[in-house]
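From first to last, the protein sequence lines stand for chains A and B.
Here the first sequence stands for residues 85 to 690, numbered as in my numbering.
Here the second sequence stands for residues 360 to 428, numbered as in my numbering.
These are calculated hints, taken from the structure and not from any lab test.
Glycine residues also receive a C-beta, built at the ideal position from the N, C-alpha and C atoms.
Some clues are possibly wrong.
What the hints assert, rightly or not - Ranges between beta-carbon positions, derived for each pair:
hint : chain 1 : residue 1 : chain 2 : residue 2 : range
1    : B       : 408       : A       : 464       : 55 to 61 Å
2    : B       : 428       : A       : 294       : 29 to 35 Å
3    : A       : 448       : B       : 411       : 55 to 61 Å
4    : B       : 422       : A       : 212       : 43 to 49 Å
5    : A       : 335       : B       : 422       : 55 to 61 Å
6    : B       : 413       : A       : 94        : 45 to 51 Å
7    : B       : 411       : A       : 212       : 48 to 54 Å
8    : A       : 323       : B       : 395       : 54 to 60 Å
9    : A       : 351       : B       : 408       : 50 to 56 Å
10   : B       : 428       : A       : 335       : 48 to 54 Å
11   : B       : 413       : A       : 610       : 40 to 46 Å
12   : A       : 476       : B       : 413       : 55 to 61 Å
13   : A       : 305       : B       : 428       : 55 to 61 Å
The lines below spell out each chain.
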Amino acid sequence: MMTVDLTRGVASVDAYPMDFALDFLGGFGACNRLFLACSQPGTDPLSPQNPVVFGAGPLVGTMVPGSSRVMASARVPLTGAVASASGSMGMGANMKWSGLDHLMLTGKAAEPVLIYIENERVEFLPAVSLWGKGILETTRSLWAAYPGSSVLAIGPAGESGAHLSLAMIDGCATLGRGGLAAVLGAKNLKAVVVKGGGGVKVADPARLQELVKGLYERLENFDMREAAAALGMIGAWPMYASQLLPYGSSDDDLRELTERFGPQAYMKLKRCRVSCPSCFLADKDELYLPSTGESVFSTSFLNAAIIGCALMMRDAEEAASTLALLDDLGLDFMTLSWQAAFLLELHEHGIIGEEDAEGIPLARGAEILRELAARVTERRGEIGEAFARGWQGAFDLFGEDTRRYTMLVRDQDCLYDPRVSGLGTMEFEQIVSPRGPTSASAGSATYVPGLPEERLRRLTARMGVGDEALGRIFSPPWGMNVGRLTRYSEDWFSLFSSLGLCNRYQINRFYHAELIRDLYAAVTGVELEVGEMMEKAAAGWELYRELNSREGLGEDEDRPPQAWFDEQPLWGRGGRLRDYFGNELMREDILTLLGDYYDERGRKHA
Amino acid sequence: MRFMGDRCTGCRTCQLICSLSHDGESNPSLARVVMHAEGLRLRAEFTPECDECARCAKFCPYGAMLKGK
Ligand code: SF4
Ligand code: SF4
Ligand code: SF4
Chain A
85 MMTVDLTRGV ASVDAYPMDF ALDFLGGFGA CNRLFLACSQ PGTDPLSPQN
135 PVVFGAGPLV GTMVPGSSRV MASARVPLTG AVASASGSMG MGANMKWSGL
185 DHLMLTGKAA EPVLIYIENE RVEFLPAVSL WGKGILETTR SLWAAYPGSS
235 VLAIGPAGES GAHLSLAMID GCATLGRGGL AAVLGAKNLK AVVVKGGGGV
285 KVADPARLQE LVKGLYERLE NFDMREAAAA LGMIGAWPMY ASQLLPYGSS
335 DDDLRELTER FGPQAYMKLK RCRVSCPSCF LADKDELYLP STGESVFSTS
385 FLNAAIIGCA LMMRDAEEAA STLALLDDLG LDFMTLSWQA AFLLELHEHG
435 IIGEEDAEGI PLARGAEILR ELAARVTERR GEIGEAFARG WQGAFDLFGE
485 DTRRYTMLVR DQDCLYDPRV SGLGTMEFEQ IVSPRGPTSA SAGSATYVPG
535 LPEERLRRLT ARMGVGDEAL GRIFSPPWGM NVGRLTRYSE DWFSLFSSLG
585 LCNRYQINRF YHAELIRDLY AAVTGVELEV GEMMEKAAAG WELYRELNSR
635 EGLGEDEDRP PQAWFDEQPL WGRGGRLRDY FGNELMREDI LTLLGDYYDE
685 RGRKHA
Chain B
360 MRFMGDRCTG CRTCQLICSL SHDGESNPSL ARVVMHAEGL RLRAEFTPEC
410 DECARCAKFC PYGAMLKGK
């Protein structure tokens with residue numbers, strides 16, 4: 085583990101406590117444990133005292149498919165939560181090839197700096213000339229200086245301390261919703277460049293090779309392989325399109341949306357597919373924008389389609405170039421899009437007029453987002469300054485009663501609306517996750533809509549869930565109790581993120597708990613029972629929860645947003661709250677499910 | 360061995376299987392195929408130690424490594 089003191093400009097490499105790795109598997113769990121050991125509750129997220137702990141789990145840097153994850157624990161400014169951010173691309177693998185499982189950053193540099201790490205050696209380099217530059221330019225210039233390296237960089241939004249800022253790894257993987265980039269910016273740290281020249285020792289190479297071969301055979305038999313290989317997440321366009329369509333849309337609207345943002349529109353922009361180390365079903369891209377002749381990276385074209393649909397952009401190129409702009413500034417595209425939608429709602433309801441918008445165009449399209457992005461980044465004007473502080477800033481400016489024009493969970497915009505997609509684990513998780521809406525629980529089978537109960541049960545069993553728990557989850561009156569299932573989705577996420585596996589459904593669908601246990605044993609030499617392994621994963625999640633309870637973000641915050649119970653459309657979403665199978669749910673049902681979730685976690689329900 | 364750069368996504372599985380099967384560790388620097396990076400684009404160069412075992416081709420998920428000239 086490397087500890088970097090930015091205040092003094094020194095670093096040291098030490099062994100980190102072996103019991104942290106053994107008790108919490110590594111990555112996510114061990115980052116939480118390290119954060120507990122080195123932080124004080126109530127620390128100002130933007131102060132030098134707020135540490136940032138990176139971690140790459142034991143499978144990272146190997147050829148286990150999708151073993152690309154790097155985690156980062158820090159207290160973030162948007163909500164004050166201790167967020168455990170999950171990113172990908174080459175940072176984690178390069179840390180491991182440098183001999184590092186963890187990297188801890190503390191203090192604050194006097195001037196903008198970057199750090200270059202190569203094989204346990206670190207250099208502190210001035211970054212004054214990069215300060216103010218976009219993430220893409222920063223990343224490209226650092227790649228040119230250090231070929232073969234991985235670059236974590238912040239953009240101007242992180243430098244200005246915007247709470248909506250996030251960092252990017254290698255220009256195409258986000259890290260740290262909720263303002264991790266602002267935390268790094270407050271430390272005067274523009275970038276972390278890592279280049280590993282070594283490797284990861286493997287306890288049983290032949291066993292590892294056999295296990296990975298088995299995974300490749302499963303990939304061969306995957307019926308969606310061709311579509312996923314050619315199109316990435318857009319390969320499952322019909323599934324996503326039904327969730328992106330504004331409430332009350334017709335079949336004609338769907339056709340139009342598909343023309344603008346669907347597979348064919350994507351193929352016109354696609355230059356080549358980009359992959360994290362070890363990934364066998366990549367979903368990142370280099371895109372070509374014909375009208376400017378530029379080439380840009382995308383975290384996934386689906387994200388461009390999301391903002392394109394939400395703000396009715398002209399076409400795929402406009403959406404992709406707008407997303408690239410937000411990525412370059414280092415802004416969270418989801419929160420910023422919903423802030424734009426919030427302004428439009430206020431305008432539509434007569435709460436603000438053109439004259440209150442400080443020149444921001446109050447019409448759907450790319451312009452409102454681009455203009456808002458510039459203002460938030462520069463903290464320009466009343467709106468720019470207020471929105472840079474997140475939702476609380478917006479309510480301070482326009483009044484607390486404008487909350488009803490938003491859909492917030494734990495003070496962050498709701499990412500997955502169960503009125504649209506049904507209440508699966510990803511939707512339910514937003515209420516109980518210490519950090520608010522993330523896709524942590526996207527690894528369960530409810531990610532895919534419309535599966536019959538029997539199939540859901542089989543796919544849940546692969547997550548290391550025992551027979552008794554399966555009996556409780558798949559039981560009357562709902563057929564599938566999403567509160568109970570969410571506990572195991574969290575543990576599944578904790579397992580993947582602790583070991584360093586990508587939790588995206590297209591990757592995690594190939595795994596089951598026994599296989600993961602065997603992979604862990606093949607790489608580390610540590611043999612575990614599935615039950616033991618899942619207990620360690622659960623301990624990592626409980627610690628995450630505890631870290632946030634220390635910050636006053638405990639169960640009192642576990643509340644569904646009012647908008648879920650209103651049928652009226654908001655931000656283009658609407659309808660009745662329903663469960664995974666489409667049956668209507670009431671507020672009391674959510675409370676019951678919350679109680680079941682706590683029960684499954686072994687907690688008392690307040 | 361042949362490398363088709365336009366299919367390569369940069370996943371480095373070729374180097375990881377090469378070093379795992381020959382040296383028992385996941386270590387790109389030991390692989391018998393060197394990947395020269397320009398940003399995220401890679402260019403492969405096979406070293407004289409390459410024994411043409413073709414495991415890199417077998418495991419390349421994107422068909423960018425092929426056995427033969
Ligand atoms: S699915 Fe995407 S994020 Fe996950 S490992 Fe593959 S390329 Fe990386
Ligand atoms: S395995 Fe194939 S796609 Fe991956 S880096 Fe090697 S040649 Fe490129
Ligand atoms: S053919 Fe065999 S030895 Fe040569 S680079 Fe590929 S895996 Fe390595």
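**Asked** Which of the listed hints are not met by the structure?
**Response** 5, 8, 9, 11, 13
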